[in-house]
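Number of protein chains: 2
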Amino acid sequence: MAQINENYSKLQASYLFSDIAKRVNRFAEENPDQPIIKMGIGDVTEPLPEVCRKAIHDAVDEMGTRTGFHGYGPEQGYAFLREAIAENDYSPRGCEIKPSEIFVSDGSKCDSGNIQEIFSESAKVAIPDPVYPVYVDTNVMGGRTGQNVNGRYEGLVYLESTPDNGYVPSPPEEAVDLIYLCFPNNPTGACATREQLQEWVDYARRNKAIILYDAAYVAFIRDPEVPHSIYEIGGARECAIEFRSFSKNAGFTGTRCAFTVVPEELFAYDSAGEKVSINKLWNRRHTTKFNGVSYPVQRGAAAIYSPEGKKEVKTLTDFYMENAAIIHKTMTELGFSCVGGTNAPYVWIKIDGSSWDFFDELLHKTGIVCTPGAGFGTCGEGHFRLSAFNTRENVEKAMTLIKEHFGK
Amino acid sequence: MAQINENYSKLQASYLFSDIAKRVNRFAEENPDQPIIKMGIGDVTEPLPEVCRKAIHDAVDEMGTRTGFHGYGPEQGYAFLREAIAENDYSPRGCEIKPSEIFVSDGSKCDSGNIQEIFSESAKVAIPDPVYPVYVDTNVMGGRTGQNVNGRYEGLVYLESTPDNGYVPSPPEEAVDLIYLCFPNNPTGACATREQLQEWVDYARRNKAIILYDAAYVAFIRDPEVPHSIYEIGGARECAIEFRSFSKNAGFTGTRCAFTVVPEELFAYDSAGEKVSINKLWNRRHTTKFNGVSYPVQRGAAAIYSPEGKKEVKTLTDFYMENAAIIHKTMTELGFSCVGGTNAPYVWIKIDGSSWDFFDELLHKTGIVCTPGAGFGTCGEGHFRLSAFNTRENVEKAMTLIKEHFGK
Numbered sequence: 001m002a003q004i005n006e007n008y009s010k011l012q013a014s015y016l017f018s019d020i021a022k023r024v025n026r027f028a029e030e031n032p033d034q035p036i037i038k039m040g041i042g043d044v045t046e047p048l049p050e051v052c053r054k055a056i057h058d059a060v061d062e063m064g065t066r067t068g069f070h071g072y073g074p075e076q077g078y079a080f081l082r083e084a085i086a087e088n089d090y091s092p093r094g095c096e097i098k099p100s101e102i103f104v105s106d107g108s109k110c111d112s113g114n115i116q117e118i119f120s121e122s123a124k125v126a127i128p129d130p131v132y133p134v135y136v137d138t139n140v141m142g143g144r145t146g147q148n149v150n151g152r153y154e155g156l157v158y159l160e161s162t163p164d165n166g167y168v169p170s171p172p173e174e175a176v177d178l179i180y181l182c183f184p185n186n187p188t189g190a191c192a193t194r195e196q197l198q199e200w201v202d203y204a205r206r207n208k209a210i211i212l213y214d215a216a217y218v219a220f221i222r223d224p225e226v227p228h229s230i231y232e233i234g235g236a237r238e239c240a241i242e243f244r245s246f247s248k249n250a251g252f253t254g255t256r257c258a259f260t261v262v263p264e265e266l267f268a269y270d271s272a273g274e275k276v277s278i279n280k281l282w283n284r285r286h287t288t289k290f291n292g293v294s295y296p297v298q299r300g301a302a303a304i305y306s307p308e309g310k311k312e313v314k315t316l317t318d319f320y321m322e323n324a325a326i327i328h329k330t331m332t333e334l335g336f337s338c339v340g341g342t343n344a345p346y347v348w349i350k351i352d353g354s355s356w357d358f359f360d361e362l363l364h365k366t367g368i369v370c371t372p373g374a375g376f377g378t379c380g381e382g383h384f385r386l387s388a389f390n391t392r393e394n395v396e397k398a399m400t401l402i403k404e405h406f407g408k
Numbered sequence: 001m002a003q004i005n006e007n008y009s010k011l012q013a014s015y016l017f018s019d020i021a022k023r024v025n026r027f028a029e030e031n032p033d034q035p036i037i038k039m040g041i042g043d044v045t046e047p048l049p050e051v052c053r054k055a056i057h058d059a060v061d062e063m064g065t066r067t068g069f070h071g072y073g074p075e076q077g078y079a080f081l082r083e084a085i086a087e088n089d090y091s092p093r094g095c096e097i098k099p100s101e102i103f104v105s106d107g108s109k110c111d112s113g114n115i116q117e118i119f120s121e122s123a124k125v126a127i128p129d130p131v132y133p134v135y136v137d138t139n140v141m142g143g144r145t146g147q148n149v150n151g152r153y154e155g156l157v158y159l160e161s162t163p164d165n166g167y168v169p170s171p172p173e174e175a176v177d178l179i180y181l182c183f184p185n186n187p188t189g190a191c192a193t194r195e196q197l198q199e200w201v202d203y204a205r206r207n208k209a210i211i212l213y214d215a216a217y218v219a220f221i222r223d224p225e226v227p228h229s230i231y232e233i234g235g236a237r238e239c240a241i242e243f244r245s246f247s248k249n250a251g252f253t254g255t256r257c258a259f260t261v262v263p264e265e266l267f268a269y270d271s272a273g274e275k276v277s278i279n280k281l282w283n284r285r286h287t288t289k290f291n292g293v294s295y296p297v298q299r300g301a302a303a304i305y306s307p308e309g310k311k312e313v314k315t316l317t318d319f320y321m322e323n324a325a326i327i328h329k330t331m332t333e334l335g336f337s338c339v340g341g342t343n344a345p346y347v348w349i350k351i352d353g354s355s356w357d358f359f360d361e362l363l364h365k366t367g368i369v370c371t372p373g374a375g376f377g378t379c380g381e382g383h384f385r386l387s388a389f390n391t392r393e394n395v396e397k398a399m400t401l402i403k404e405h406f407g408k
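Read top to bottom, the protein sequences are chains E and U. Just so it is clear: in the first sequence, position 94 is 94 by the numbering used here, and no numbers are missing. Just so it is clear: in the second sequence, position 331 is 331 by the numbering used here, and no numbers are missing.
Since the hints were made in silico from the structure, they are not lab data. Worth double-checking, as some hints may not be accurate.
If chains are identical, the list can't say which one is meant, so a pair holds when it fits in one copy or spans any two.
[What the hints assert, rightly or not] The list that follows gives simulated cross-link-like pairs (lysine to any residue, SDA-like), each with its CA atoms no further than 25 Å apart:
1) Lys311 / Gly64
2) Lys350 / Phe406
3) Lys124 / Met1
4) Lys314 / Gly64
5) Lys22 / Lys280
6) Lys10 / Asp270
7) Lys54 / Thr65
8) Lys280 / Ala21
9) Lys124 / Tyr8
10) Lys54 / His70
Please put together the full structure from these sequences, using the hints given.
Structure (structure tokens):
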């Protein structure tokens, strides 16, 4: 008799975005003439850069010839892309990352979801709160938690991001084995300083723990002092894996390409206490369960490292960051306390009371859809998220409406 | 202290293709003037069909406009593709598959590797021998086996495909929970009849087991009496998941698109004996750990269902099947006993003695590279595989050389 993986039964239904959709649909039915502006979504809106389109077109044409046809490629990604990543994303920031340490994939969601598989089921896991739900759910599926009690899973260590710590948690008192960190943060937009990350790296090395560092939003950092990679921190090559993506810098959310860095100095342990190379372990997982990213898509991704590509990515991310600045300025002037929006495309805004009540008020008074903070975890309560991924017109309209409603 | 998933330590290093490469490289160094013809590879060689290229080009152009831009799509795939699959791959064979039962992915390797995750770690698993190694390795990683002893993992039930059963195994005496089947088979090219599959479906229903049916090579079936889908068999909707791919019919091995069918009538059980929908369970897995296939690639895949696309796929698969016929005819005339090659792109050839010895003989006497059967499992010993995925020129050259060497 086929039995299920019962860990799945512990999962909480993901009500956040379906709840939002239900409330928005009901409002739209009751108010058919009210325009609705969606300011909650974490998906990009601007066209795919021209260099990427051209590179994909060229690669597709190549695929139409017998000599240019590409079948199965290396599961880890083509050398042209892995080399471009090492040279452009890491070298200029002083990080020596070898192409063999880079694993190209079809998305950071997959990578950050799959990474837990190579670690012991008994690993003690620390995750931020509020959090991108994939880190939590994949560990629930993997059997590393107990039941969910009042919105929190037994067995996880929650790293609280609150106004008191500027939304950047410090290492916990207790020892953990795996630590998920995300900077610039989703959903708060907060960034960690070099000193804060050094504290995490020191903690991880002390405890032989591994940091799973999600840097999907690195392209929005504008302050050169803010660390772009965990590998800018001394000792990180011995304790950290980094996830990056082309989704937000080059608008690849629908085109799909990302990568994970696993340094050669990174080890975990077997039950006899012997060191095991995580680069080799991840390589075994990646080559067994994945067959590489679409060749034309890899060509499209590599194109952003050309001089023209770098310009286009800068223009694209600048556009969203101008949106973020408009949102941040408006909300601050209205007296809201905000984090994010300066080195991240999200603005995380503090409110008194329930985030779902605020969501309803905002929707009913202005037609604007935000993301209620409670949807990202217990510490998200009392906050809401506005996203800079939108047209300028929508952002300006939304800010005018918010000023009319909340202005004195 | 971060500990590894120790099940990975049980994995045997995958020596097959690296062993082949080593032997070929050594031979090439010692015989620099000898041309080498690779007849072992399971990767397509012909260009990507024109309809697919055109559809991808159009979709990439769409992505360059604000109105046509596609960001995150549905994780399960766009409706246009899921509907085209249901209508074209299933309806004409009398299988009623709903679009909601189809999950589009970036590869059958991923799907057939990931599917085991949603089942209990204690599931008893039956796998064919010889076999596509992904079924085995992912269950080893998932903790469903003991150690490897003399080439076989403790705890697995091996379904032996031998000359005696025409390379199509019957259900075992004992009850198992999960059963991997692949028809047309990789590596043997054998196909199961309707009656043989009915026996499997009856067995699965009797034991509340689930069949994981890999139909990646369905496009090469030329005999209309051979079942194209497990769902042509009565009762299969209650006991089977089917994997299909665009890799071999449309040459998508480097473009990446596939799908999995999970019928609504399919259930497994929790430890309390309650029925759980596998469609819902797989949906939870798919939406949590995967972010959808590249939009242009999905457009490219959908294009094969257009009248022009169907013609191109037919031409493409006919070309490889003509290669297969040439190989099959030559080897049969030389007195070899062969299976496959008539409804599959692989010819599985019986020999006396060691398959590695034969590999060396073939390489050294003719410069032809085959795949030694022992690389696919214990029952692969005494066989070798020739692949029809090649240029006509290479196939003809190889057959001439083989005739010269083995002919009387």
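Evaluation of the provided hints:
no.	hint	result
1	Lys311 / Gly64	between (30 Å within a copy, 16 Å between copies)
2	Lys350 / Phe406	within (14 Å within a copy, 81 Å between copies)
3	Lys124 / Met1	between (32 Å within a copy, 9 Å between copies)
4	Lys314 / Gly64	between (32 Å within a copy, 17 Å between copies)
5	Lys22 / Lys280	between (45 Å within a copy, 20 Å between copies)
6	Lys10 / Asp270	between (28 Å within a copy, 12 Å between copies)
7	Lys54 / Thr65	both (17 Å within a copy, 14 Å between copies)
8	Lys280 / Ala21	between (43 Å within a copy, 20 Å between copies)
9	Lys124 / Tyr8	both (19 Å within a copy, 19 Å between copies)
10	Lys54 / His70	both (18 Å within a copy, 17 Å between copies)
The structure meets every hint from the earlier list without exception.
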